[in-house]
Structure formats: C-alpha cells, structure tokens
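Novice: Sequence:
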Amino acid sequence: MECLSCPKDVSKQAQFTLHPAMGPTVLFLFFVGAAFGFEFHHNFSSSVHPCDDFNEFVCNFGGNRKESHFTHGLKYGLEVELKEAVASSADPVVGFIKEELTTPEHDEVMFDDGIMVGMLLARKRIFDPRLEISAKEATSSLVFEKGEKTITCVYKKCPSFVQGVVWGYLLRVKLEEVKIEELTISAQLDATHFPEDYGRPLTTSEIVEKLEDDANIQKYYRLLKAQITKEKFSSQLTEGSSEIENIFASIRDEFITGIKENTWLADSEKSNLVDELLKVKLEFEKPLALEDYHEKVEDLVENAKTLEELSNSLGALLENHSGPDVPITSTTVFVHLQDQFSVAADLPRGLKFGILATRLIHGIFRSVPHFENDAFHSGLQCYNNYYGSFGLSSEEHASNKSTFQYPDASNKALNGFLDVEGSRAALKVLLKERPFGLHRVRRSANSMSVSVLSDVEWFFIGIGFEFCDDKDESESFEAATDSFFPRDSIRATAIIRQIPEFEEIFRCGKEGAMKHAELCKIIV
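Quick note: the sequence shown uses this note's numbering, first residue 6, plus one each step.
Treat each hint with caution, since some may be false.
[Said to hold, decoys possible] Under the rule of at most 30 Å between Cα atoms (straight-line distance), these lysine-lysine pairs were calculated in the DSSO-like manner:
no., residue 1, residue 2
1, Lys284, Lys265
2, Lys237, Lys103
3, Lys235, Lys80
4, Lys301, Lys215
5, Lys162, Lys103
6, Lys520, Lys437
7, Lys301, Lys161
8, Lys184, Lys154
Rather than coming from a laboratory, the hints here were simulated on the basis of the structure.
Please construct the entire structure, taking both the sequences and the accompanying hints into account.
Specialist: Spelled out as structure tokens, the structure:
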C-alpha cells in the first residue's frame, strides 16, 4: 500500500474556483444557477454543498424527479430518439400495429342496440337519427339531432353502436351494391355511443409496448431501430466513435506511462504488461441491415389478417437472423451505440472524460494480471480496506459493522482499483490538455461547448452522473452484494476521495466529508 502525500490545506473562502473576491454564498448560487452553452436540463442541488456530499449535489434526486432529462439522455438518449422515430415512421409493420390499436374493441351490447336503431330507421318507425347511405360513393351519414360529437371512420374502425346501426339498416334495406367493409361513415352522436377514450391519439409508449410484446415482432423492431439509426444518426455515431477512440488512446497511454515509471515491477513485467495493453482494441457496435427484408415484409403485412398471423410470418422470415456479436475477450472493448451517441453531443470535453473513463476503463485494463508481488498485494489490500469502510449511512447501523452493513470488499477491490486509477489517468490527460485555471467564461477543449465550469470540474461531475442511483442504502447494498463492482450509491464518492485534486478544484476544507482518504496506489 502506498499512501501519497496530502495536498496543501485549502479553505472554502473561494469555493468552486471562482474569483476569491466573491463570497461563498454568491459563488454557490452562481454555480447552481449556471448558464450553459449546450442543452443541460438538470438541476444541481441548491442545499447540499459539493464538498459535503458530491453525489447528492450532482444527482439531486429531489430536484430532478427520479432522473433528470439530461442524465436519462446520457444513458438512454438514443433509445428514446429511436422509439419516437419508429412510432412516427411509415413502416408497414408499425402501420399494422397502429391499425390494431386504433380498432375499437367490439361491444356486443352497443352493437345490438345499434342494430335495433338501424332496423327501426329502415322501417321508418323513428326519424332520429337520420341515416343516408351512398353506394356509389361508398359513404354513409348518420346524424342524431342532439349529437355532441362528430366522427368519420371506416366501418370496422367505427364504434360498435355505429356499426350496429348501419348493419341493422342494411338487414332491412337491401343495398347489394354496398360493400359494408369499405363504407366510410360520418356520424354525429351522443357521448354515450362512444367507448371511453375513443379517437384519442396513440402515444409512442403504446406503439412500442405492442412492438415489444411479441418475440417475433420484437426481433423485427430491433432491426427497424437499427435501420433508422443508420439513416438518421450515422454522422453522430461517427463523431462519437472518433472521440471515444481519442479518449481511449489517451487514457491508455497515461496508464502505460504509469507502468513505465513503476518502481516495483521488473522490466520484463513492464514490457509484457505494456504489450498486453497495446493489444486492446475498441469494437464499435454497428447497426444491423434491414434492407434485404423490405419487400418481403410488405407482402407479409398485406396478407396478414391478424397480429398473430403477422407475428408467425415474421418469425419464419427472421428465423436465421441473429443479433450483433458482442465480443468478450481480454483484448476487445465493445462500445455500444448509446455510448457513441451520447459522446457525440456538444458536451464539454471534461464531462465526456468523466463519463467514458468509468464506462471504458474496465475493458481497457481487463488484461491487468495478478502479480505475485508484495507491493501489488499491499496496494490491493489498501483498496480492500478502503471499499470495506463504506457501510450503510443510517445512524441505526453506525455501530454495527456486521457483514450486512459492511460488505466483504475482497471481491470489490480489483474493480475499485480500476475505478480509481483509471479516473486518475483520465484526469492527468485532461490536465495536460487544458490546465486548470480561474478564467471564465470557459470554452471546453476540442468542443464548441461554453460554460461557467472548467473541463476539470465537468470531469468530476461526469463521474457523479455515471453513478446517480436513488435507491436507499439498504436496497443499493443488496443489489450489489453479489456484484464484483462497488454499489452505485458510493462508487463516485469512493473514486473522488482517492483524487486529491478534487479538494483543490472545489476549494474544500480539510475537514469536509469529501476530503481525500488515505490514498491507495498500484500503478497510477
């Protein structure tokens, strides 16, 4: 275990690295109410100071519902965009689904009531409503004198009562040239003749739910999303993959520098480890192709009478079609489309570093071996002790250091080491690109993004965003009990308290809750 030297004592008089002449309260409000030159729909906490609880300050669960629009977009933004695009597309399968969803359920009682009204109209026993049918135009007009709502519908899409009226009328009045299924009906009716929510526009979630509800249709839905991704988002994905390549290479190079400067590894071990890291490559997820199926799918939709028929036909068509291969090897880091998409956004370079360092770092260093070396084991034991110290925060458990409250950290140490030292490497790269200073307004390096925060501040915020988790401590603990990763509720804090620069950058006092712990180090 190596305990690194502590940074100099820094007071809170100039919080958030703004000009020292500004008072702490003004600085805090300025930071929280900051204006950003990019879309940032997220509220930092106005009541929790970053030096007291950075996770709560950044995530601010009370001020952002469960997840803010911004943090949700970082994780699921591409999926949200694709769902909207699919729901509004002219795809034949989506059209069939919409047809199914907008066809009202048959109501036998209302249908029978309609038949009775239609037969009475045909026998001229009643004169309200008025019903006129044009066989030539394939249209029908049905009007109640006191009707409150006017609709136009094709026969099979009309409410059961309207269907019944037309059906009952045609039972008595023989209009053989009328094809009832093709009849377009204009009806002015009383509200009681409509099923609840009749005519309400479909929502995206309703359409998507139907697409995901059936295994065969879901397979087609995935292909359709891939096709739309290629058509609509290819430029963003290209931009994102290029930026990820750049960040990936720079963090790896910094880690290699740490290996070369290491004092306890033998030269042969250093050389072998560097060679292993240089073999690691990024594998970017690519959208699958749908073009080959277009004509066949159109035919299937045209011939299908029910959703079940369409599902079976799609299942047979796509039977041999498999999803993308996700390589899991020690030399491959698979980068999902969502990662490429979110990093392509016009975000500060530092924010991207904070997000990607935590997403990619474990793949980059999957090849780091266990060394039979006292220094390695000492460093790992340091991480063991460190992560084992994060128990539940509630007072009732404060004195109870049982296994339930304080996790067995032996299976967290290796991933904790990668969390911390990967983030340190990323910060070193960022500081070389854009040395930290006190100048405002700040333009992010390699980005058009402008904000009142520096890339280094954004770096820590990116780490915080990546692990926003609003489970209570007990739920969070249980969810991570069998995991090899530290639980999300403490993960960002654990990383940050191993990086002394945080205290300097956010001007934290030496007694703050986010003060750095005894620092562990294996390589960086």
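Novice: Taking the hints in turn, state whether each one holds.
Specialist: Checked hints:
1. Lys284 x Lys265: holds, 17 Å
2. Lys237 x Lys103: With Cα atoms ~22 Å apart, lysine 237 and lysine 103 stay inside 30 Å; holds.
3. Lys235 x Lys80: Roughly 19 Å separates the two Cα atoms, so the pair holds.
4. Lys301 x Lys215: holds, 21 Å
5. Lys162 x Lys103: With Cα atoms ~12 Å apart, lysine 162 and lysine 103 stay inside 30 Å; holds.
6. Lys520 x Lys437: It holds: about 24 Å lies between the C-alpha atoms, which stays within 30 Å.
7. Lys301 x Lys161: OK: lysine 301 and lysine 161 at ~26 Å, within 30 Å.
8. Lys184 x Lys154: Roughly 26 Å between the alpha carbons, so the hint for lysine 184 and lysine 154 holds.
Checked against the numbered hints listed earlier, the structure breaks none of them; every hint is satisfied.
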